[in-house]
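Asker: Sequence order for the protein chains is A and B. Counting with this note's numbering, you get residues 5 to 536 for the letters of the first sequence. Counting with this note's numbering, you get residues 5 to 536 for the letters of the second sequence.
No lab work stands behind these hints, which were simulated from the structure alone. Take these hints with a grain of salt, some might be off.
A pair counts as met if it fits within one copy or between any two copies, since identical chains are not told apart.
Heads up, simulated SDA-like pairs for lysine to any residue below, C-alpha to C-alpha not over 20 Å straight-line [unchecked claim]: (1) Lys24 - Tyr327; (2) Lys423 - His108; (3) Lys388 - Arg160; (4) Lys24 - Ser329; (5) Lys24 - Asp413.
Protein chains: 2
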Amino acid sequence: MQYPLTLTHILERSEKLFRKKEIAGRMPDGSMCRYSYADYFARVHRVAHVLRQLGIEEGDRVGTLCWNTSRHLELYFAIPCSGAVIHTLNLRLSADQLAFIINHAADKVIFAEASLMPLLDAIRDQIPCVERIVIVDDEYETLLAAAPDTHYQWPRLDEDAACAICYTSGTTGNPKGVLYSHRCLFLHSMGLSLADCFALSERDTVLQIVPMFHANGWGLPYAAIMNGSRIVLPGRQLQPADIASLIQDERVTVTAGVPTIWMSLYAFLEQEKFDVSSLRLVVCAGSALPRQFVELYAKKYGVRFMLLWGMTETSPAATVMTYRSHLDELPEAERFDKLARHGMPMAGVDTRIVTELGEEIVWDGATMGELQVRGPWVTSGYYKEDAPHGASFMDGWFRTGDVATIDEDGYIQIMDRTKDLVKSGGEWISSVDLENAIMAHPKVAEAAVIAVPHPKWQERPLAAIAPLPQFRDSITKEEILEFLSGKVAKWWLPDEIVFIDAVPKTSVGKFNKRALREQFSSGSLRPASTQL
Amino acid sequence: MQYPLTLTHILERSEKLFRKKEIAGRMPDGSMCRYSYADYFARVHRVAHVLRQLGIEEGDRVGTLCWNTSRHLELYFAIPCSGAVIHTLNLRLSADQLAFIINHAADKVIFAEASLMPLLDAIRDQIPCVERIVIVDDEYETLLAAAPDTHYQWPRLDEDAACAICYTSGTTGNPKGVLYSHRCLFLHSMGLSLADCFALSERDTVLQIVPMFHANGWGLPYAAIMNGSRIVLPGRQLQPADIASLIQDERVTVTAGVPTIWMSLYAFLEQEKFDVSSLRLVVCAGSALPRQFVELYAKKYGVRFMLLWGMTETSPAATVMTYRSHLDELPEAERFDKLARHGMPMAGVDTRIVTELGEEIVWDGATMGELQVRGPWVTSGYYKEDAPHGASFMDGWFRTGDVATIDEDGYIQIMDRTKDLVKSGGEWISSVDLENAIMAHPKVAEAAVIAVPHPKWQERPLAAIAPLPQFRDSITKEEILEFLSGKVAKWWLPDEIVFIDAVPKTSVGKFNKRALREQFSSGSLRPASTQL
Chain A
5 MQYPLTLTHI LERSEKLFRK KEIAGRMPDG SMCRYSYADY FARVHRVAHV LRQLGIEEGD
65 RVGTLCWNTS RHLELYFAIP CSGAVIHTLN LRLSADQLAF IINHAADKVI FAEASLMPLL
125 DAIRDQIPCV ERIVIVDDEY ETLLAAAPDT HYQWPRLDED AACAICYTSG TTGNPKGVLY
185 SHRCLFLHSM GLSLADCFAL SERDTVLQIV PMFHANGWGL PYAAIMNGSR IVLPGRQLQP
245 ADIASLIQDE RVTVTAGVPT IWMSLYAFLE QEKFDVSSLR LVVCAGSALP RQFVELYAKK
305 YGVRFMLLWG MTETSPAATV MTYRSHLDEL PEAERFDKLA RHGMPMAGVD TRIVTELGEE
365 IVWDGATMGE LQVRGPWVTS GYYKEDAPHG ASFMDGWFRT GDVATIDEDG YIQIMDRTKD
425 LVKSGGEWIS SVDLENAIMA HPKVAEAAVI AVPHPKWQER PLAAIAPLPQ FRDSITKEEI
485 LEFLSGKVAK WWLPDEIVFI DAVPKTSVGK FNKRALREQF SSGSLRPAST QL
Chain B
5 MQYPLTLTHI LERSEKLFRK KEIAGRMPDG SMCRYSYADY FARVHRVAHV LRQLGIEEGD
65 RVGTLCWNTS RHLELYFAIP CSGAVIHTLN LRLSADQLAF IINHAADKVI FAEASLMPLL
125 DAIRDQIPCV ERIVIVDDEY ETLLAAAPDT HYQWPRLDED AACAICYTSG TTGNPKGVLY
185 SHRCLFLHSM GLSLADCFAL SERDTVLQIV PMFHANGWGL PYAAIMNGSR IVLPGRQLQP
245 ADIASLIQDE RVTVTAGVPT IWMSLYAFLE QEKFDVSSLR LVVCAGSALP RQFVELYAKK
305 YGVRFMLLWG MTETSPAATV MTYRSHLDEL PEAERFDKLA RHGMPMAGVD TRIVTELGEE
365 IVWDGATMGE LQVRGPWVTS GYYKEDAPHG ASFMDGWFRT GDVATIDEDG YIQIMDRTKD
425 LVKSGGEWIS SVDLENAIMA HPKVAEAAVI AVPHPKWQER PLAAIAPLPQ FRDSITKEEI
485 LEFLSGKVAK WWLPDEIVFI DAVPKTSVGK FNKRALREQF SSGSLRPAST QL
């Protein structure tokens, strides 16, 4: 019973059981490259031999700067199972941040796509820890070809050994490193595969849209291989037409991604006809998906959306919208209200909401509090940081920095980031709620709400709205306010509305409110024509 | 990430999430007693208070001698979560064996059904370790009523702490104790709930037919509560009519039991009309289920059977018949051949077959070898026994004592117990295979094959056959041999056939071959009229 929970077990079991299953990857020219699990694992063994030849030892960090490709998937297993730590580099970071995390993790070798080499070239003299950069192209293939064609003798690792590290995309301060153990990612893979979570099966075809540099690709690559699912890797092309054609041509059953992916795909499917009927589950996380998309996809395409909440610090999946039996009895509108929540804690995960004083709040679906979580795949500290401190932990619980409500069924609704709340006259306004209400307007593509200082109320909301292109010239502030009236409390109505072309995004596709705040909320609020 | 994997987590999470879900138990008078998870957990807290009042401390063993009832389910959580060890006593053991395991485990308190008290009364003076016997009846209710009506403060347990102990039903020598840790049963619960295992969901209604004293009730009670499934407990009545009516009336979706249960239920459903269409999965283990029942249930009732293999030492589930996608393409007969195998290792479990010299055997579906397993819910030793020895372990693998083949898909077929093989002239005859071939005969109810000494071939097979009642006077040895001809190798044909009323069974319903051997194989084989 002391048998260790490791990614090596997943590798060895799936290598024996699922030899004929397929991994398909889209190449830069749009063609598909296909090989079997047997071929895949043979290459994983070769990569491990290469790592040893490059001088990688147990515990060393090895960076990857790659798109979602089969080669990246090879590194996903070869690095951890050989005892090293895979450090997936976010290719959307600034040069400064990239140099910071490479140095902080002390990456010894980096595997990088040829197309992404300019990012490294720009900082090459700032990352002296990196002894070697392998271009994941002909150079990678040459190294593999020269490696022994024999089984690599995987080391017997302790389950608490580190296997991966990801850095938070922190919008304030330097990124922080979260180190994952083998045990952590093994258990996370089991958690995702549960019937009431993703119900991942050997029968699934999983399309890996979530970037594999984003919080372990949400754990899907490890879970898919644990179950012997067919895997489709989209490469670097992630436009709606690319996604729609992959779903149709490869008969994808499960996929996952951030809301903007699904909102733009929906708009695309309205214009062009694609068959997406093979989809049984779309997992959506990263930020709130406006409720109407859950309903529209369900009704128009029969596609079930499962909202998920998590963070880099939670591996990342912590709560999922399990569609429980009592929801069947609800009127349709209430049912979709529930389905647009962020779900309940997965088996293994414990959640609570607390007041600013740390008192636990009852689950009434209305009272907001800071969401705190604990569980076997929740971090207990940051890499190279001192003992856990109060800003991040409380009595063994991880403080998420998210504000949420929990209803009597245990379903969570993330209302805001603690720092994004609009604190108006001692009361809280959820910027996310207000954004969703605005995005329900038929002329609106995106909307972000930020707090701006106010002499009387301390803070008041400002809405930055990106209209759909065809309404750019005709949309008015008045019609937005009229639309909101009755849908949100009167005192929630934004004091100012500005129209913009698009909401700025962070490196992982979330609304970048820091950028908006810098643009709009410096100084005091100028009198707005729409102020009530 | 050091958050411990405990049954306490399952309890605390399900207590919060699934308050309205139902637990229904059949009472001795046939009526159903129903209560909610909320009521159930409130009583679990009371039971924990009672345990403390009875002087139970962390690590103490507490016995249960109970049928499958909601009170037994209360003890299933209250004992382990309060830090003690639940010892489920097999009510079909002989008095000697019962006294042996109670003393070996040193049970301090035993909770026993009133109807089973005669078993304890008979050995009361042989079990001095037992300080108190609580009758699970009015006495139990009185104790609960007197206990504090407050939440019990569950201790924070280490995941490696013991939570349960079961004894093997060992047909030779004294029973051996297998101690389960919280981690072990937590992981086993997750394993059972995976989509490619039982896919247990909140939407399921689980009928607990497997006795809860039999290897943790195959782990179903813990897994069902982890997922918030509705639970139906049959009490002590397990005749086909009882089972059929529970499935029909309670709309059961998942259940599990030994082959004899399903064989007799099938015969019953042929006579009486019941609606079993709610069943989506029947798990079958304990011994081999003749292939035709998998096919008959599927075709006649649309019920999917999932064969499972495991042992007390494997918590018990180790391999399950995951119905993988490539099976869809097989001709029907081949598909059912596969579905009648014992499945592939669950995620987390590793399997191999080895020769008598310990060399690993290739997975060709034909070569037999001893089955060995390892994994986080496989035992690493027996309770109060010295360090693991060669008879039970080899290089970290548990030696199951079962002989199996593994095919190229990783599907296992248990051919026999090592000790039940018929070793004829240096070749192996699988007694189980031969039994199944005989049981396919339309006049046969049950058949067991044992080895009997032979002067030339060392051993030869003897078949003890129980005909269906209506054929008891007309069945002949010749027609059996003729039926087998062409279905099994000629040298597998039994040298002797005897007709009996029923095959003797062990305490858990398996064929008791030891009893048969004592009856038939003492001395040398007498000349048989049917010898070829």
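Asker: All the hints need checking, so say for each whether the structure fits it.
Answerer: Here's how the hints hold up against the structure:
With identical chains, the CA atoms of lysine 24 and tyrosine 327 are at most 20 Å apart between copies only, with a shortest distance of 15 Å across copies and 33 Å within one. Neither within a single protomer nor between protomers do lysine 423 and histidine 108 lie at most 20 Å apart by alpha-carbon distance, with minima of 26 Å and 60 Å respectively. In this assembly of identical chains, the alpha carbons of lysine 388 and arginine 160 never lie at most 20 Å apart, being 25 Å within a copy and 28 Å across copies at closest. For the identical chains of this complex, lysine 24 and serine 329 are inter-copy neighbours only, at 11 Å across copies versus 37 Å inside a copy, given an alpha-carbon limit of 20 Å.
For the identical chains of this complex, lysine 24 and aspartate 413 are inter-copy neighbours only, at 9 Å across copies versus 42 Å inside a copy, given an alpha-carbon limit of 20 Å.
In summary, the structure is inconsistent with hints 2, 3 from the numbered list given earlier, while agreeing with the others.
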